[in-house]
Amino acid sequence: MATEPWRQARDAWKAQQRRWQTGGGAPGEAGSSNLPLWGPKPGGARRFGWRVWFLPLFLWPLFLDVPISILRGHVFGLLGAGLGIGFAFLAASRMARGLAGDAERGSRMLGLAAGFTAGFGAGFHPLMAVALGFGAYAGARLITDDLAEAEPPPAPEPAREPPASLAGPAAQLARIREAAPRLAETPRLLSAAAAMGSVLDDITERPERAPEARRFLAVHLDGLSRIVDRLEAGAVPPATLPDLLDTLTRSAERLRVDLRQQETEALDIQVKVLSDRLRQEGL
Amino acid sequence: MNAIERPRRPSAPLLPHMPPPLRWVLGVGLLGLCLWLPAVAALFR
Chain R
1 MATEPWRQAR
11 DAWKAQQRRW
21 QTGGGAPGEA
31 GSSNLPLWGP
41 KPGGARRFGW
51 RVWFLPLFLW
61 PLFLDVPISI
71 LRGHVFGLLG
81 AGLGIGFAFL
91 AASRMARGLA
101 GDAERGSRML
111 GLAAGFTAGF
121 GAGFHPLMAV
131 ALGFGAYAGA
141 RLITDDLAEA
151 EPPPAPEPAR
161 EPPASLAGPA
171 AQLARIREAA
181 PRLAETPRLL
191 SAAAAMGSVL
201 DDITERPERA
211 PEARRFLAVH
221 LDGLSRIVDR
231 LEAGAVPPAT
241 LPDLLDTLTR
251 SAERLRVDLR
261 QQETEALDIQ
271 VKVLSDRLRQ
281 EGL
Chain G
1 MNAIERPRRP
11 SAPLLPHMPP
21 PLRWVLGVGL
31 LGLCLWLPAV
41 AALFR
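Protein sequence lines, in the order shown, are assigned to chains R and G.
Mapping of the first sequence onto this note's numbering: residues 1 to 283, in sequence order.
Mapping of the second sequence onto this note's numbering: residues 1 to 45, in sequence order.
Keep in mind that a hint or two might mislead.
[Unchecked claim] Each pair of labels, with its calculated beta carbon distance range:
no., chain 1, residue 1, chain 2, residue 2, range
1, R, 275, G, 29, 46 to 52 Å
2, R, 177, G, 12, 52 to 58 Å
3, R, 283, G, 19, 44 to 50 Å
4, G, 25, R, 268, 49 to 55 Å
Calculated directly from the structure, the hints in this document are not laboratory data.
Every residue, glycine too, gets a C-beta built ideally from N, C-alpha and C.
Produce the complete structure using the sequences and hints provided.
Listed below in structure tokens is the structure:
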């Protein structure tokens with residue numbers, strides 16, 4: 001029967017497994033079917049798992065060596081085995097922590113474990129012990145390097161706010177748009193405000209263009225704002241107002257075209273430089 | 001007690017152009033030679 005509790009629990013468990021496999025599970029859980037076999041995994045979770053904790057298992061003979069050394073009274077054998085096991089598990093726990101640089105430090109500790117094991121435990125020549133320590137360090141690095149590369153994803157970029165210097169013009173523009181429907185020459189006011197808004201959007205997206213548009217912001221937008229103020233105060237619009245508004249609209253559009261033209265020229269130069277470089281390299 | 005973590009410079013990977021499975025095999029081989037072998041030698045000393 002489908003309503004039996006154990007069946008419901010089983011179905012829920014299978015659904016959870018499917019979510020994990022399709023990458024929709026809890027953060028840090030390993031999806032399996034659609035993830036790359038190696039390399040950084042999406043989601044920022046590091047897979048410091050079996051690959052880290054199997055490293056100390058290379059030293060399994062030392063677990064037998066400890067009681068044997070105790071029974072035989074080999075102090076150096078016991079010292080080597082103890083230091084080897086201790087440093088190996090310290091290394092694994094350090095790597096399992098998974099912070100930046102932990103794989104490197106854990107590998108160094110594993111190198112120390114190998115050196116102590118070879119020097120004290122096995123009684124190798126000190127130079128040989130050092131060489132084996134470097135070998136174990138390199139081996140651990142090779143195994144864990146790509147784990148260390150899996151950095152957490154960068155924090156999502158916060159929504160871009162207009163810079164402080166653009167907050168005033170943006171407020172002016174909002175006020176013009178809000179007041180225009182109640183005034184004379186509404187369509188022209190709105191089209192001028194729209195054209196200026198486009199310029200302001202461009203500057204917000206690319207703040208490095210702001211100096212070039214400073215005159216526009218200081219004169220045109222400010223002037224339009226003052227005109228709206230007077231119209232709101234009940235002034236009768238002069239006959240030249242429609243022409244002036246059309247001119248403001250055209251100038252805003254032309255400024256926008258000019259700004260884009262500069263970008264196009266910069267791109268042209270970049271393309272030319274790169275093409276020349278490639279040609280010089282014979283490509 | 002709050003441990004103050006020193007910012008760490010990420011270390012460059014060893015043999016970056018080697019494909020990962022080969023790196024793992026080489027790493028396991030090195031660990032076998034440099035970690036397991038001395039441990040066995042210590043056992044039979």
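Each hint tested on the structure:
1. R:275 with G:29: 46 to 52 Å: Check passed, 47 Å falls within 46 to 52 Å.
2. R:177 with G:12: 52 to 58 Å: 55 Å, holds
3. R:283 with G:19: 44 to 50 Å: Since residue 283 (chain R) and residue 19 (chain G) have Cβ atoms about 27 Å apart, the given range 44 to 50 Å is violated.
4. G:25 with R:268: 49 to 55 Å: 50 Å, holds
Comparing the model with each numbered hint stated earlier shows that hint 3 is the single one that does not hold.
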